[in-house]
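Peer 1: Keeping their order, the protein sequence lines are chains W and V. Sequential numbering of the first sequence, starting at 1, is according to the numbering used here. Sequential numbering of the second sequence, starting at 461, is according to the numbering used here.
By construction, these hints were calculated from the structure, which means they are not laboratory data. There's no promise every hint is true.
As the list claims (entries may be wrong) - One-sided and incomplete, this derived list gives chain W residues near chain V with beta-carbon spacing under 10 Å:
hint	residue
1	Ala49
2	Tyr168
3	Asp191
4	Pro192
5	Tyr195
6	Thr196
7	Gly308
8	Gly310
9	Gly352
10	Gly371
11	Pro373
12	Val398
13	Tyr419
14	Phe420
15	Leu448
16	Ile460
What the hints assert, rightly or not - The calculated lysine-lysine pairs, modelled on DSSO-like cross-linking and capped at a C-alpha distance of 27 Å, are:
hint	chain 1	residue 1	chain 2	residue 2
17	V	Lys808	V	Lys614
18	W	Lys353	V	Lys614
19	W	Lys353	W	Lys413
20	W	Lys353	V	Lys481
21	W	Lys21	W	Lys87
22	W	Lys353	V	Lys820
23	V	Lys820	V	Lys883
24	W	Lys23	W	Lys148
25	V	Lys904	V	Lys561
26	V	Lys808	W	Lys413
27	W	Lys353	V	Lys506
28	V	Lys904	V	Lys820
29	W	Lys413	V	Lys561
30	V	Lys618	V	Lys561
31	W	Lys82	W	Lys23
32	V	Lys561	V	Lys659
33	W	Lys137	W	Lys82
34	V	Lys904	V	Lys808
35	V	Lys942	V	Lys659
36	V	Lys904	W	Lys413
37	V	Lys659	V	Lys614
Backbone N, C-alpha and C fix where the C-beta goes; we use that ideal spot for every residue, glycine too.
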Amino acid sequence: MNTLILISVLPIVLLYLGLYKAKNALLPVTVIGLLVAAGLAVAEWNSNAQPIYHDMMLFDRFAIAFSVITIVSTILIVLLSKGFFEKISEHVAEYYAIMLFSLAGIIVMVSYYNLTMLFIGIEIMSVSLYILAGIRKRDVASNEAALKYFLMGAFSTGFLLFGIALLYGASGSFNLAAIRDYTLSHPRNIDPMFYTGVLMIIVGLCFKLGAAPFHFWTPDVYEGSPSIITAFMSTVVKTAGIAAFLRLFSACFASIADFWMPVLLVITVVTLFIGNITALYQHSFKRMLAYSSISHAGYLLFAIVALGSGSANSVFMYATAYSIASIIAFGVLILIQQQTGSDDFESFNGLGKSNPFLAVVLTIAMLSLAGIPLTAGFIGKFFMFSGAVSRYHIGLVVVAVINAIISIYYYFKVIIAMYFRNTADRVALAVPGYFGFVLGLSALATILIGIFPGIISDLI
Amino acid sequence: MTVSILLFLPLIAALAVLLFKNETAKHAALFFSVVELAVAVVFLTKFVPNATTQFAVDYPWMPKLGIYFSAGIDGISMIMVLLNVLLVPIIILASYNHNYKNANTFYALILFMQSAMLVVFTAIDGFLFYVSWEAALIPIYFICAIWGGENRVKVTIKFFIYTFAGSLFMLLAIIYLHIQTPARTYDIHDFYNLSLSVKQQSWVFWAFFLAFAIKMPVFPLHTWQPDTYTESPTAGTMLLSGIMLKMGVYGAIRWMIPIAPLGFDHWQYIVIALAAVGIVYASLIAFNQKDGKRLIAYSSIAHVGLIAAGVFAWSITGVQGALYQSLNHGINVVGMFFVMDIISRRLKTRELNEMGGIAKVAPHFAIAFLIIVLGTVALPLTNGFIGEFLLLNSMYEYNIWLCAFTGLTIIFGAVYMLRMYKKVMQGETNALTILFTDITGTEKLVLGIICVLILVLGIYPNSVMHLSDAAVQNLVQSINQKIFQAGSPSNIKF
């Protein structure tokens, strides 16, 4: 709760700092503020949390764990953005502030206990993101990204809102517990309106998550937005999306799983295939990451398809692993873009020789995204597979295995470019200290979680 | 004293080797691998050759999920561990004459791989087995892809995807078995005690089979192998053929068949037929090879096919023969690849037709090469003979026609191997081979060690075979008992 207050106040402070031209203070204040926010969240850790604010929010372990991982990811991304925004525009304070507003929305999304809060959280997050995507005011691609994102996002929010309204119509409440009680007390005669509402909500949330067939906005928006914003969207936002998804479904709809499970099963399979197969054909690393993020949305949905007591931990593990690895990937991409002006695979050629450190951390990130053992990504996949097998979704896991095999090919493309394709004239990149710290820390965390998953595997 | 010292020493050594500069890195790597060998010998002296698992370590890794770091050595593991610790110093020594760029990374990867493979050979926990199985793949991928030949990039990614694909299905099977265990563990003994239906066991069997058959490789899953062997640096090829493919043999003996005995029994005739077809198929292709390294690669498929057939025959002689021949094949194939490496380094070619008469200018080399060839073609008094004899014996017990068919491998092997020897070593010297210099220094040492091993293991097979005797007997009989009790109509042998 204090976390949310702090993260809401922090951007206002930043705006004032911008007003008084204290540019150098922006980054330290943001980072320290976020660290304190994460600390406050951890301090509220307890096993029997009660809903607060007239049952609007619930800061249980689930909410705290996801708050912390999104805050930590944001800190890492903010550190990577040092020097990035200054090049784009003079209004740096605003960017930090908007990003934090978005984070405030995310905190609401992972801790809501009432569907109106879910809606408000998603809107706070999304509106901030529309601005962030179009942050390069004079860049056509950035503008296109913002517009596309806004139109599609508004559309999906409509679905979500419609779904919420239908649920309210059937159950008479926005409260998660009340909705659950409704499903439990009407086992045989649930209103058709309710089912329609559930479907609408699935559509709305899948839009936000970038799951197929509602994924069409992702590649263009990810590619058009500045890389740092893309990193934020594909890690923090996606984590929040799946957390909100899981919270709703495990709290309210567990008893009517027979109804929505086939729908989600199809969505998951389609998402996996579309994400992976399209990623195969990409020449741009950034676009490849966009499509691979679609396939990761598919893996994340596993936890909901195989809804059970372990789902929250699986999602947490997977989202953490995925976020850390993606941050590395985007971090290196930003440096490469600054040097070569391109984000094609070719621009990574020879990196292994000129910048061994960058090449090693990016390799670790790619191995983690591909789910190779001894990295966090493997543990995430392992949890997802275990959950699905324990519910006897063997066919689904076989599909996932096939997709994991396909994904090797495009993740290794960049490793191959870095190490095995040499360009004679490659000059070593200067790696700023912030980048070195973030990338090194993330790579270390990836390996550590991969070897000792126990440190985060049963928090929730 | 637990096995963890043995398992983690190479890992620590790998990190240490990274700190050394290029030239000294290989000395450091050799030093550590010899220390590892010495440690293994200490274990060997304390090892009691009965059916029990010894030096066990059991450390809670993710206890809530039933995952433990549990490993131990029994007779079957012991043979594989010996193979591993024996070959790695030889392989490092064999790379001494190459000046690899970033040598410290190269040797660190070899040692890292050794550690992972040792865990594979000793793991008792299914999760641990899978993780180390994959962990062994990463270093070999980089060894082959960074230091390999011209086409390495395409070839190695194919290799990686192939093997990764197989093992993911194994992971699926392991998770499935885990779900079935009453206490939700990954312990292999709990897997053994499951009573699954024939249908369930068949699925589990095929999932494991895919992983192990790709690794060995068994026909028709071998297509990655010749290219990868040819394009890899010599050390990579040796690691792959000498040790890594034995992971597949070991996995079949330890995991696949005992966990799914009924599934195995149901499909036995098919897998054994695949192995047999592979033997003849690979031999026939080996006839036509003009590239020496490729020829050895195909001959390796044939030899491993026989080992696989012995495992699938699932009798005491078959499994013992497979284990012993795994050790021998490791030694012989490393010798063969080293010989080819010496030749190609001097002549800058591997085309057999361009060679000839080397024996005249390099007599020491000729003797060593001949001994290794004879070991490979299984001449009596060499190590290959004992192994292949046992394997063919088990074929005979299974089916006399199968024995005749698979026995072709010995004839074919003799033909293409001796023909290769003749082409390379005998006849007249030509402009290229006249300048061939005889082996020196480390080359002599490596070939000397390999020749001694070939002869010693050929004359005193029991020095090694007694280690696994009790464990194999126990395992094979208990599994055959299970198949018998299930009332399966086919092929019960005691």
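Peer 1: None of the hints should be skipped; say for each whether it holds.
Peer 2: Cross-check of the supplied hints:
no.	hint	result
1	Ala49	violated (22 Å)
2	Tyr168	violated (39 Å)
3	Asp191	violated (36 Å)
4	Pro192	violated (36 Å)
5	Tyr195	violated (31 Å)
6	Thr196	violated (35 Å)
7	Gly308	violated (12 Å)
8	Gly310	holds (9 Å)
9	Gly352	holds (8 Å)
10	Gly371	holds (9 Å)
11	Pro373	holds (4 Å)
12	Val398	holds (7 Å)
13	Tyr419	holds (6 Å)
14	Phe420	holds (5 Å)
15	Leu448	violated (14 Å)
16	Ile460	violated (12 Å)
17	V:Lys808 to V:Lys614	holds (23 Å)
18	W:Lys353 to V:Lys614	holds (20 Å)
19	W:Lys353 to W:Lys413	holds (16 Å)
20	W:Lys353 to V:Lys481	holds (17 Å)
21	W:Lys21 to W:Lys87	holds (16 Å)
22	W:Lys353 to V:Lys820	violated (44 Å)
23	V:Lys820 to V:Lys883	holds (13 Å)
24	W:Lys23 to W:Lys148	violated (31 Å)
25	V:Lys904 to V:Lys561	holds (24 Å)
26	V:Lys808 to W:Lys413	violated (31 Å)
27	W:Lys353 to V:Lys506	violated (47 Å)
28	V:Lys904 to V:Lys820	holds (17 Å)
29	W:Lys413 to V:Lys561	holds (22 Å)
30	V:Lys618 to V:Lys561	holds (24 Å)
31	W:Lys82 to W:Lys23	holds (11 Å)
32	V:Lys561 to V:Lys659	violated (52 Å)
33	W:Lys137 to W:Lys82	holds (19 Å)
34	V:Lys904 to V:Lys808	holds (20 Å)
35	V:Lys942 to V:Lys659	holds (16 Å)
36	V:Lys904 to W:Lys413	violated (41 Å)
37	V:Lys659 to V:Lys614	violated (38 Å)
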